[in-house]
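In order, the protein sequences belong to chains A and B.
Quick note: the first sequence uses full-length UniProt numbering, first residue 1, plus one each step.
Quick note: the second sequence uses full-length UniProt numbering, first residue 1, plus one each step.
Worth flagging that the hints you see were computed from the coordinates, not collected in a lab.
Keep in mind that a hint or two might mislead.
As the list makes no split between identical chains, a pair holds if one copy fits it or if it spans any two.
Below, a list of computed lysine to aspartate or glutamate pairs in the DMTMM-like style, where the Cα atoms sit at most 20 Å apart [as the list claims (entries may be wrong)]: (1) K626 <-> E46; (2) K627 <-> E198; (3) K627 <-> D209; (4) K627 <-> E210; (5) K438 <-> D222; (6) K627 <-> E168.
So you can see what is in the structure, the chains are spelled out below.
Number of protein chains: 2
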Amino acid sequence: MQKLLDGHNVEERNRTFDLMASSNLFILKHIGGDKFLGADYNQTMEAQREITMDRIRFLTHKGVFRGWLTKNDPETALANSAVHECLGTFDHSLGIKIGVHFHLWGGAIKYLGTERHHKKWLQDTEDYNVKGCFSMTELGHGSNVRGIETITVYNASTQEFIINTPCESAQKYWIGGAANDATHTVVFSQLHINGKKEGVHAFVVQIRDEKGQVCQGIRIADCGHKIGLNGVDNGRIWFDNVRIPRENLLNSVADVTVNGDYISQIEDPEQRFGAFMAPLTSGRVTIATNAVYNAKVGLATAIRYALTRRAFSLSQNTSEVLLLDYPSHQHRLLPLLAKTYAVSFAAVQLKKIYVNRTSADSKLIHVLSSGYKAMCSWHNLNTLQECREACGGQGLKTENRVGQLKAEYDVQLTFEGDNNVLMQQVSKALIGEYFAAKRKGTPLVAFGLKHVNATNASIQTLQNSSALQNKDFQISLFQLRERDLLHRLAAEISDKTSKGTSMAEAMLRSYRLAEDLGHAFSERCVLETFIGVEEDQTDTSIKYLLGKLRALYVLSSIDERAVFLRYGYITPSQAQAIQLEITRLCAEIRPHVLALVDAFGIPRGLLGPIAFDWIKYNSWDYAENKKESRESPSSIITARL
Amino acid sequence: MQKLLDGHNVEERNRTFDLMASSNLFILKHIGGDKFLGADYNQTMEAQREITMDRIRFLTHKGVFRGWLTKNDPETALANSAVHECLGTFDHSLGIKIGVHFHLWGGAIKYLGTERHHKKWLQDTEDYNVKGCFSMTELGHGSNVRGIETITVYNASTQEFIINTPCESAQKYWIGGAANDATHTVVFSQLHINGKKEGVHAFVVQIRDEKGQVCQGIRIADCGHKIGLNGVDNGRIWFDNVRIPRENLLNSVADVTVNGDYISQIEDPEQRFGAFMAPLTSGRVTIATNAVYNAKVGLATAIRYALTRRAFSLSQNTSEVLLLDYPSHQHRLLPLLAKTYAVSFAAVQLKKIYVNRTSADSKLIHVLSSGYKAMCSWHNLNTLQECREACGGQGLKTENRVGQLKAEYDVQLTFEGDNNVLMQQVSKALIGEYFAAKRKGTPLVAFGLKHVNATNASIQTLQNSSALQNKDFQISLFQLRERDLLHRLAAEISDKTSKGTSMAEAMLRSYRLAEDLGHAFSERCVLETFIGVEEDQTDTSIKYLLGKLRALYVLSSIDERAVFLRYGYITPSQAQAIQLEITRLCAEIRPHVLALVDAFGIPRGLLGPIAFDWIKYNSWDYAENKKESRESPSSIITARL
């Protein structure tokens with residue numbers, strides 16, 4: 001099952017975990033002879049940043065990053081992503097520092113640059129001879145990259161670009177790596193040339209020299225302490241007449257000749273902009289997967305704890321009940337377990353599509369990565385919060401990980417595109433396909449939307465157990481929701497645009513349907529992937545478990561989203577039957593939970609102590625900062641009267 | 001409006017804020033001449049604990065706590081709670097340290113002890129000559145206090161109690177104040193006397209002497225770093241044959257004579273246990289109110305930011321749209337604003353019932369404080385999370401407060417009773433009343449349940465705007481939900497108990513209905529309070545706003561909870577109309593939001609900088625840790641070719 005979940009490179013993952021466990025840089029503490037890995041969050045941000053760089057130096061020295069940019073085959077890319085996921089599971093700051101350097105800076109050089117850039121910087125990046133960062137976001141513009149205010153002009157006589165920060169809102173902000181370490185950056189800036197605003201382009205700028213001194217024309221400040229992720233030195237950058245050679249334009253999308261002529265093989269400025277946004281797609285794919293791994297850490301910890309922790313008895317003479325024997329506690333955790341399995345398979349499939357991508361896949365990848373990034377990161381935070389609460393006070397101890405991970409991973413919900421904005425963009429893409437197909441009079445094909453061409457048949461009002469758990473029934477229901485919401489949204493938008501409202505404003509006003517549709521699409525895609533994994537499975541006991549998890553994922557999604565009742569996709573009677581079915585499914589899955597969380601493959605050392613013998617770990621013998629009386633036993637102090 | 005929301009003692013609140021602003025202990029930073037208050041979370045837990053005690057010493061020296069335990073009238077209690085709320089709004093650790101010392105330790109002395117205890121400890125507690133803590137929770141038992149394992153026996157020959165920690169799971173855990181500072185504690189322990197187990201009782205034990213040395217027989221260890229609240233030194237305590245005088249039993253509930261006879265005026269052991277749990281009730285009242293103030297900090301910050309931050313334009317030539325002009329952004333924040341107003345009024349009313357309580361009120365207070373503690377603390381966390389996301393990256397900066405408050409306040413969901421357990425206890429109380437009334441053949445009266453006696457009339461299927469916003473319609477709908485769920489739960493339980501299942505197990509299996517009912521009761525009580533405030537209001541413009549907020553609170557609650565559709569309290573058609581109505585109400589409230597958040601009365605210095613001129617605050621002039629080139633302008637470094 002672990003091979004199925006991880007999807008690939010289980011050996012590389014284990015080797016990465018072993019490597020970390022071999023170095024004190026990654027060991028948080030020993031308790032009773034057992035080793036626990038983890039970053040020490042009881043440190044100032046300055047200290048957390050330093051040790052994060054120490055870890056990166058160690059990993060570089062061990063050759064972990066060899067080939068990460070210079071080798072180009074999909075198999076290597078997958079193997080590297082497996083290693084990266086494990087490093088990120090250790091600590092998000094570590095994962096982010098590496099991701100910014102390799103995938104944002106390195107990815108920009110590789111995919112936005114051309115051979116001269118590759119020759120100049122790829123090997124040095126791999127060897128950490130340069131430290132890269134990615135200057136896209138500004139104080140005044142985050143998700144709306146088109147609106148960034150940094151301006152670059154061209155000086156044909158010197159064959160240089162000149163970059164400026166024209167106002168305070170244009171300062172680059174949240175630039176991971178910039179505050180302390182980075183020597184180079186890719187700057188995203190408006191290009192003004194020959195009296196024309198050619199839009200956002202990417203330029204390479206050196207911001208520190210080999211001695212770590214800030215370069216001429218560059219000003220850097222710190223973003224300051226964050227609620228988590230303090231191992232990443234986020235900085236702010238101002239550019240004052242910074243001059244760079246013409247060749248520093250990353251010119252795979254567009255170029256400027258020596259004479260200052262602007263040329264591009266892509267005629268449409270919108271497409272050009274889309275091409276410049278390509279590094280963000282790889283970021284979203286990575287985020288979706290990393291989010292899932294942390295939900296796994298939370299669930300493995302909370303479920304294992306609930307298998308050993310007791311609270312309250314049903315009668316005076318019986319022992320207290322194990323937390324996970326409460327139907328209510330099962331209901332809090334097992335649907336999250338089912339959904340984690342679901343999004344895990346989906347994230348792996350997205351990754352495989354991505355590393356094997358051709359240009360024909362780019363629209364699908366854009367929509368899937370946007371929807372999945374939002375869905376997985378929200379799922380991660382919700383799961384960690386529920387797991388934290390399910391662990392009670394122990395969930396507040398940093399060493400138990402589940403609580404601290406919330407603060408470390410919250411950023412995923414808003415960077416690389418705010419989740420709410422991404423979901424709106426998913427709907428926008430679907431609506432675009434819908435209207436295009438309508439205009440051409442052709443059936444819908446893209447994005448798995450073929451089912452939309454069917455008549456809007458309603459679901460049978462079945463509600464017996466086997467019907468509700470049946471995969472054909474379940475996929476029909478998810479398709480019905482998606483189909484109906486798409487029709488409704490299209491109808492609302494057409495109604496508004498026919499009365500003169502712009503498309504943009506119509507989408508904005510129909511935000512509820514757009515939001516519901518974004519989730520409907522994402523959840524349907526996830527389900528299709530899950531069903532595919534289930535159908536391909538030959539081992540009958542694994543197939544059985546996958547079927548139960550898949551059924552629970554679907555029924556709990558339906559139970560949580562009022563949209564199914566609001567538009568009559570199910571009847572109130574079915575909704576009540578679904579509630580009972582969820583409780584039944586939880587009980588069916590309950591006997592297998594330990595195996596199901598062990599299949600996550602998270603090493604013992606990366607789970608909180610409460611996942612194991614927490615009474616032993618909390619015993620006096622292993623306590624730190626112990627204090628006891630120095631008095632001899634014969635002199636007794638009693639409370640003064 | 002602020003007087004209405006705060007409910008009392010606006011003057012004392014302002015004086016407390018001014019006092020904090022007058023001392024460097026409370027000032028986080030100055031930016032551009034403006035003062036921002038706050039704790040510095042970029043510190044180790046050791047440093048955070050130290051400065052928290054420095055703050056307490058300052059406040060004690062200023063006489064802030066005078067009379068907190070020795071004066072007994074409701075007016076003083078309310079005034080002190082106002083001061084405490086302000087201190088907690090500054091920093092949760094500060095609020096908790098003070099609360100543990102005064103309300104848990106001090107409250108136990110005051111309400112569980114008798115005159116000899118008051119004489120001995122109340123004044124010293126007020127003056128911080130003793131530092132108290134509250135040893136109830138154990139490693140193995142949190143919410144289930146009945147199951148704690150610390151054992152106390154009586155030695156008649158020495159007239160002493162002897163307290164022991166018999167096994168590792170019995171160690172006291174999460175004891176705020178114990179790790180570093182506390183000199184005394186109230187220990188909750190099983191009392192075994194005369195061959196009988198008399199249940200949980202409370203004893204005073206000194207754990208450190210004046211020099212801060214741990215007393216004989218006491219062992220103390222640290223709970224370690226937490227995800228937040230690191231200004232509180234939570235500790236763990238073991239007792240090894242600790243001997244205390246007989247008089248140290250807090251004996252208002254029960255007593256042990258010199259000869260070792262156990263006596264109590266309360267015959268029922270259950271009632272006795274309930275009496276010992278009394279300090280927890282005051283804790284829950286405090287938590288509910290404090291939770292609301294932090295939701296207010298989050299909303300004031302996020303809404304003010306959304307009034308100045310722009311993102312994306314609707315067309316190429318128009319300026320970018322203010323966040324709060326997006327209907328979707330309004331929908332994210334304004335229902336939370338409405339609910340914050342609702343729970344704020346409810347928390348104030350609960351507080352007033354509590355400080356004026358008689359013994360007749362105790363059942364109502366128990367149920368209301370349980371339901372409100374769960375409702376308000378969950379609302380606080382949900383609000384802070386949504387506000388954090390609504391502020392994008394800026395929500396991750398610690399100085400902007402909204403993000404950091406999540407980690408500082410998460411504890412509220414599980415301490416002083418896990419929220420899920422509390423909601424189950426609310427239902428249990430309601431079902432108890434229901435069955436008792438049925439048995440006696442009398443109508444339901446308690447807990448505002450009179451409406452349950454009516455026939456289960458359904459709601460008219462009105463869905464026009466004024467009908468949906470009408471308060472009689474709205475209260476009828478909330479009452480219908482509560483009534484119907486109570487009937488359903490009672491029917492399910494009766495069905496199971498008639499087949500031989502115990503009441504306890506029946507409640508456990510009907511957990512979904514019990515959970516829904518707990519929320520239904522709490523939300524109905526909150527609505528009744530809100531309607532009362534609205535009806536009492538004479539100023540027409542305030543009355544108008546209260547009506548809009550009340551309507552939005554109700555409609556968004558209905559929209560979010562599938563239960564209304566699942567059991568047919570509303571039709572799908574009404575549900576769709578409600579969605580439109582919510583959007584309409586948000587637009588109606590939008591012009592007033594600044595006044596509505598200013599009415600929270602949070603001083604400027606306690607909101608994040610993003611609530612104000614965040615471009616100015618982020619300008620280069622005010623940046624910390626600035627780095628720029630030392631090179632002379634004439635030598636230019638360009639990226640190496």
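Evaluated hints:
1. K626 <-> E46: between (28 Å within a copy, 15 Å between copies)
2. K627 <-> E198: neither (68 Å within a copy, 32 Å between copies)
3. K627 <-> D209: between (50 Å within a copy, 13 Å between copies)
4. K627 <-> E210: between (49 Å within a copy, 15 Å between copies)
5. K438 <-> D222: Neither: 51 Å inside a copy, 67 Å across copies.
6. K627 <-> E168: between (53 Å within a copy, 16 Å between copies)
Checked against the numbered hints above, the structure breaks hints 2 and 5 and satisfies the rest.
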